[in-house]
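K.L.:
Please build the complex by placing chain G on the supplied structure of chain C, with the hints as guidance.
Protein chains: 2
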Amino acid sequence: MLEVCLLGTGGMMPLPNRWLTSLMVKYNGSDLLIDCGEGTQIAMKCKGWSPKPIDVICFTHFHGDHIGGLPGMLLSMGNAERREPLTLIGPRGLERIVRSLCVIAADLPFELRFIELTEPFQILYLHGYRIEAFRVHHRVVCYGYNLVIERQGRFQVEQAKMLGLPVQYWNPLQKGREVEYNGVIYKPEQVMGAARKGLKVTYCTDTRPTQSILEHAGHADLMICEGMYGEKEKAVKAKEKKHMTFQEAARIAQAVRPGSMWLTHYSPSLVRPEQYLPEIREIYPYIEAARDGMSTTLRFEDGEEES
Amino acid sequence: MLEVCLLGTGGMMPLPNRWLTSLMVKYNGSDLLIDCGEGTQIAMKCKGWSPKPIDVICFTHFHGDHIGGLPGMLLSMGNAERREPLTLIGPRGLERIVRSLCVIAADLPFELRFIELTEPFQILYLHGYRIEAFRVHHRVVCYGYNLVIERQGRFQVEQAKMLGLPVQYWNPLQKGREVEYNGVIYKPEQVMGAARKGLKVTYCTDTRPTQSILEHAGHADLMICEGMYGEKEKAVKAKEKKHMTFQEAARIAQAVRPGSMWLTHYSPSLVRPEQYLPEIREIYPYIEAARDGMSTTLRFEDGEEES
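First to last, the sequence lines map onto chains C and G. Numbering-wise, the first sequence is residues 824 to 1130 according to the working numbering. Numbering-wise, the second sequence is residues 824 to 1130 according to the working numbering.
One or more of the hints may lead you astray.
For identical chains, the list gives no copy identity; a pair is met inside one copy or between any two copies.
[Claimed, not checked] Straight line, CA to CA, 27 Å or less: simulated DSSO-like cross-link-like pairs of lysine-lysine: (1) K875 with K1065; (2) K998 with K984; (3) K984 with K1020; (4) K1060 with K868; (5) K1064 with K868; (6) K849 with K875.
It should be emphasised that the hints constitute simulated quantities derived from the structure, not laboratory data.
Excised from the complex, chain C in its bound form (with noise of 0.2 Å):
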């Protein structure tokens, strides 16, 4: 099961009462977190939760409400006593950026590893997740994020069974690793079924619609989405300003339909996000207007916990 949980809805800067917009998941005993404002920490301990095992930071981009609460997370999670390494992903320039905001974090118990994007698309598997990164349209260069949980197929007894193999070899075979027995190679395609559906948490914030996002956001069980504006009328300063109104969120929606739809990246202007909800539910029914801390567990099809 995947544990989601979306710290703040805020864009621009924290409020009294609106965190920044971060996602927080769990999968695995592994944590990871897209996007780190000021007070996202604080954020999290309002939820009852360690620093300690974020493994993967990922970063939408460079602007301040995005990344500004950077060198306060590291330093908690130092104080936590984390000596394990943490993965942050972004755009290039990650390492000069995040090295210049650590002049208040220097001396970390932890090895910072990096990853820069450099393409429009990339796959990283880290931690148990598959974590696609596509380029969306900002006023800086700026990535949506899939994170994808893959469930491979079930094994097949039978199979097994007809090519004679013992039962103490099948086990490996489920994990993903070769087995040889009397001198023959078995692969686990050989005795696993075709790939089952996994989960799929769409998160792009900070963009306009894009040909990028209709491409990757298919069949995600939740899409969290950039909704600055909830007024109709404020399409002009949205396009100017490379972000998006309910309306082009749900137009989104309409076209890769996700499980559910959670706007979030509210403008300081919009007080009230869920006045707006009747009428874009009329796009496409299965879009909730966020709340800081909301959260959801995803679960495979069957309920199953493991594959």
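P.N.:
Same frame as chain C, but now just chain G:
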């Protein structure tokens, strides 16, 4: 009158319901801040204040919990359309550190001016404040501050009449300017009485008790003081980490006798600071365990607004 608000009371890291320690004072339309940790701009908004009128930010030292909120604060000042220069004051290295943090706050629409403290004691006059910086003793170079509103003496009407000065010359003299009348130069000190008691706020956190505090904290109307630990048993830890216990702060109060002392900069482990008040009030009665947003208004002793 001088408005004083302790925006937060935490040390080390921001917590849900406890902002990091930061002091905001307002005098004559000019705001001054001491320290700016992660979340300080939110604490300020909780009070209903804009960051725009801040003319000076003083830094005690450069640990992350005292300066990590600066980039976000600067961005918000820009968004609030500040165009006037902002003066930053702090230990040597200030400009290098602020420039490094500002990798995510480039292109601010106002100028940053830097004053780096190099002496054990320095006095600066800015925006109606007399700012006295005195070096204290922490793990890194750290300063305490006195914020003083000076108050000149009363205008001596009888004296002016005796000198035969016509009324139209009185106001410039009162404002500190010399005047010439009938070929004779008159100086303000010829018609002004002795300086009267002004207002003084002393601020010192992140330090052991020092001789410099005893020397410079005298006659404060309000002293805001480091109090990381309430428990007497933590005296050893306080010494090791270069902080203070409530008891140590109370001994300072006993020596310098402020109008009142507010304790702050609590360890995250200190959950109920007020429980230690009875015992330390036996050392000095006018001590409070500060709470986030605690405020007071200091007035000249005769209640007059203008001197």
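K.L.:
Next step is simple, just say for each hint if it's right about the structure.
P.N.:
The hints, checked one at a time:
1. K875 with K1065: Cα proximity of K875 and K1065: across copies only (26 Å, versus 34 Å in one copy).
2. K998 with K984: within (18 Å within a copy, 101 Å between copies)
3. K984 with K1020: Answer is within; shortest intra-copy Cα gap is 26 Å, inter-copy 96 Å.
4. K1060 with K868: between (35 Å within a copy, 25 Å between copies)
5. K1064 with K868: between (32 Å within a copy, 24 Å between copies)
6. K849 with K875: within (12 Å within a copy, 39 Å between copies)
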